[in-house]
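Line order of the protein sequences matches chains B and P.
So the first sequence is numbered by the numbering used here: it starts at 25 and just counts up by one.
So the second sequence is numbered by the numbering used here: it starts at 195 and just counts up by one.
Note that these hints are calculated values from the structure, not bench results.
A quick note: this is a predicted structure, and the numbers were derived from the prediction, not measured.
A hint or two may mislead.
[To be verified] Restricting the straight-line Cα-Cα distance to at most 20 Å, the calculated cross-link-like pairs of lysine to any residue (SDA-like) are:
#1 Lys-162(B) with Arg-401(P)
#2 Lys-162(B) with Leu-533(P)
#3 Lys-150(B) with Arg-401(P)
#4 Lys-545(P) with Asp-229(P)
#5 Lys-162(B) with His-338(P)
#6 Lys-89(B) with Phe-247(P)
#7 Lys-222(P) with Lys-436(P)
#8 Lys-150(B) with His-283(P)
#9 Lys-162(B) with Gly-552(P)
#10 Lys-362(P) with Ser-138(B)
#11 Lys-436(P) with Asn-165(B)
#12 Lys-162(B) with Lys-441(P)
#13 Lys-362(P) with Pro-143(B)
#14 Lys-162(B) with Asn-286(P)
#15 Lys-466(P) with Gly-513(P)
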Amino acid sequence: MYDSFLVRSDSLSNFEENGKVAGFKFSVRIANYRGMFLSLHNGYYCEVDGVSYPRSAQRLEVNGKAPRSFEDLMNHAVLEHWDMQDEAFLYVYKDGGLAPGKHRVGILESSLGSYGTMPGMDEIVKNPPDPSEGGSGKTFNVCYYDLELQN
Amino acid sequence: MAIKRGVSLYSYQQEEWFGRMTWREMLKEVATNLDGATGIEIISEATIPHFPFPGEEFYQEWLFEMARWGLEAVTMDVFPDPLQFRRDHVMNDREQAERLKMELRIANKMGFKNLRILGTPISVVELALPLAEELDVRINQEIHAPATIRRPENIDDSNPYARANAGKIMDIAEYIQKTGTRHYGLHPDFGIFKKEPPKVYMDYYFRCAGEEHWEEESKETIERFRKCKTQNDEDELKEWAKKTYPKVFNNPANPFALEELNHSFVPPEDLKLIAPYIYVCHGKFMEMTEIEGMPGEYEDKAIDYDGAIAVLKEIGFEGYIDSEYEGQRNQQDRGLEFLPNEIEEVRRHHKMLKRLIGE
Numbered sequence: 025m026y027d028s029f030l031v032r033s034d035s036l037s038n039f040e041e042n043g044k045v046a047g048f049k050f051s052v053r054i055a056n057y058r059g060m061f062l063s064l065h066n067g068y069y070c071e072v073d074g075v076s077y078p079r080s081a082q083r084l085e086v087n088g089k090a091p092r093s094f095e096d097l098m099n100h101a102v103l104e105h106w107d108m109q110d111e112a113f114l115y116v117y118k119d120g121g122l123a124p125g126k127h128r129v130g131i132l133e134s135s136l137g138s139y140g141t142m143p144g145m146d147e148i149v150k151n152p153p154d155p156s157e158g159g160s161g162k163t164f165n166v167c168y169y170d171l172e173l174q175n
Numbered sequence: 195m196a197i198k199r200g201v202s203l204y205s206y207q208q209e210e211w212f213g214r215m216t217w218r219e220m221l222k223e224v225a226t227n228l229d230g231a232t233g234i235e236i237i238s239e240a241t242i243p244h245f246p247f248p249g250e251e252f253y254q255e256w257l258f259e260m261a262r263w264g265l266e267a268v269t270m271d272v273f274p275d276p277l278q279f280r281r282d283h284v285m286n287d288r289e290q291a292e293r294l295k296m297e298l299r300i301a302n303k304m305g306f307k308n309l310r311i312l313g314t315p316i317s318v319v320e321l322a323l324p325l326a327e328e329l330d331v332r333i334n335q336e337i338h339a340p341a342t343i344r345r346p347e348n349i350d351d352s353n354p355y356a357r358a359n360a361g362k363i364m365d366i367a368e369y370i371q372k373t374g375t376r377h378y379g380l381h382p383d384f385g386i387f388k389k390e391p392p393k394v395y396m397d398y399y400f401r402c403a404g405e406e407h408w409e410e411e412s413k414e415t416i417e418r419f420r421k422c423k424t425q426n427d428e429d430e431l432k433e434w435a436k437k438t439y440p441k442v443f444n445n446p447a448n449p450f451a452l453e454e455l456n457h458s459f460v461p462p463e464d465l466k467l468i469a470p471y472i473y474v475c476h477g478k479f480m481e482m483t484e485i486e487g488m489p490g491e492y493e494d495k496a497i498d499y500d501g502a503i504a505v506l507k508e509i510g511f512e513g514y515i516d517s518e519y520e521g522q523r524n525q526q527d528r529g530l531e532f533l534p535n536e537i538e539e540v541r542r543h544h545k546m547l548k549r550l551i552g553e
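Turn these sequences into a full structure, and let the hints guide you.
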């Protein structure tokens, strides 16, 4: 769902930490027709210019709080809801960030909301799937965006 | 009394997602442009701001707007998300029931008379039933494709959803009959009365696979499907599809494309088996097109509305059919100019419903 619209075209920029460029960030929207409790968010398959960045390098800035890891969201955002209409930012750690110019960003949201108990859920608790396996069920393919790095 | 018409605001999800329409504007659209539609259905997690803690002001406004437009709150759709506590466990029955009870309380405050559930087992509903009775909010199990009404003779082992839910609808019907409860019911979704693969779905799957001539290839596949008369024909069609368009139909990342080539639709006659327990229906549709030779009249080529509504009339169904437009999600992979018009689709759908109901 919303394959062409999950990332805003003017949202890609680098971010700093402790006075150094520590990575890049861009906007993300929910690829679904409803919001989600944030503990269900399992991160993104994320690639930029052909290089993929694991969930451990990702943070999500949402609901007006500082960027949080998906581990943190899983453990502590159990009653905190990301409403469907709200934009969030995905932060990705990469020393020095991205070079100026155009970049090809590909994402696939992995969220674990569901209609009911399904076989295999105990396994998901023990070993959360890699985000490249998807899991939202509403968008099954990686969606690509050509974005110009903003200042 | 006759069948009543309503709209699930799910139908306007794209307008909402892009921030082009608020729930207030949706209520106004239903009340003023659908020629007598009176029912409203929502998904709690889509419409309610700051879910599940919207605040008293929201409830006041909701009740005011519903009264203002003379609308009836029919159904609120809810989800259990058993992995919400996945940091250490899958929700047990008691926890799932607590989440369901939370939704019952919200529904009650908004004036809804029905909840829609989908994958929640009887053992969980049982724990929430006393509260459902106290608040007079019914819990309805949706019958959603690929589920069937009858117990299937052959269970599709490749589909975990179908496997997990095989026979569930008749189990629930028997439970309701045995207990005599009026607060547990069934909610058929017209997507189970599928006639052929929806064009907007097929087109999308061919485009996603990067097929250059997706339009013709999708059309060719649907035309071949229309010629299938037996299970053998369908098996042959699937083999042909997998061989001819492997990127579309033999792609483990997208099992949905091949699933669309399953005929396996439910005969509308099967509604008679569960007639006393049907309280509401989802008028699922993918695309309303003008009927050849009937200007201004519309149909969804992929779903057997004629058959389903004829049976509902025969069994004396007097509840709501709520429009549930779902064609938008497969048209969002190109530019804004290719997005379908949800408002127009729902208006066409209600023209069709009026014609078939005989208003």
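### Task
Find the hints from earlier in the document that the structure breaks and name them by number, from lowest to highest.
3, 7, 9, 14
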